[in-house]
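Participant: Please take these sequences and the hints and turn them into a complete structure.
In the numbering used here, the protein residues as written are 749 to 822.
It is possible that some hints are incorrect.
What the hints assert, rightly or not - With a straight-line cut-off of 25 Å between C-alpha atoms, the simulated DMTMM-like cross-links for lysine to aspartate or glutamate are:
(1) Lys813 x Asp783
(2) Lys788 x Glu775
(3) Lys788 x Glu758
(4) Lys813 x Glu758
(5) Lys800 x Glu772
(6) Lys813 x Glu779
For the record, the hints were derived by calculation from the structure and aren't laboratory data.
Remember, it's a predicted structure, so these values are computed and weren't measured experimentally.
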Amino acid sequence: MVSFSDLGIEPALVNALRTQGILEPFEVQRESIPDGMLGKDVCCRAPTGSGKTLAFGLPLLSRTKEAEPRRPTS
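Facilitator: Here it is, written out as structure tokens:
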């Protein structure tokens, strides 16, 4: 069984997923998150409810750096 942590998702996001009852990635997530984590373009096709939004969004959130306090972010 592959976990979100195994796919490189940040621990804080893994904990947030766990609190929502999302414990392991769906197939579309297992297949696309590794490429997303590398910054590659991702294109996938899967049925409604299969986890496509998280497959796309989790790598974006994991790769986003937290802004330093008292510094402009733009």
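Participant: Against this structure, judge whether each hint is valid.
Facilitator: Going down the list of hints, with the structure as the test:
Our distance criterion of 25 Å between C-alpha atoms is met by Lys813 and Asp783, whose separation comes to about 18 Å. For the proposed pair Lys788 and Glu775, the alpha carbon gap of about 18 Å is at most 25 Å, so the pair holds. For the given pair, Lys788 sits about 18 Å from Glu758 by alpha-carbon distance, which is consistent with the 25 Å threshold. Of the pairs offered as hints, the one joining Lys813 and Glu758 holds, with about 11 Å between alpha carbons and a cut-off of 25 Å not exceeded.
Restraint check for Lys800 and Glu772: satisfied, since their Cα atoms lie roughly 14 Å apart, inside the 25 Å limit. With a CA separation close to 24 Å, the supplied pair Lys813 and Glu779 stays within the 25 Å bound.
Violated hints are absent here; each numbered hint is respected by the structure.
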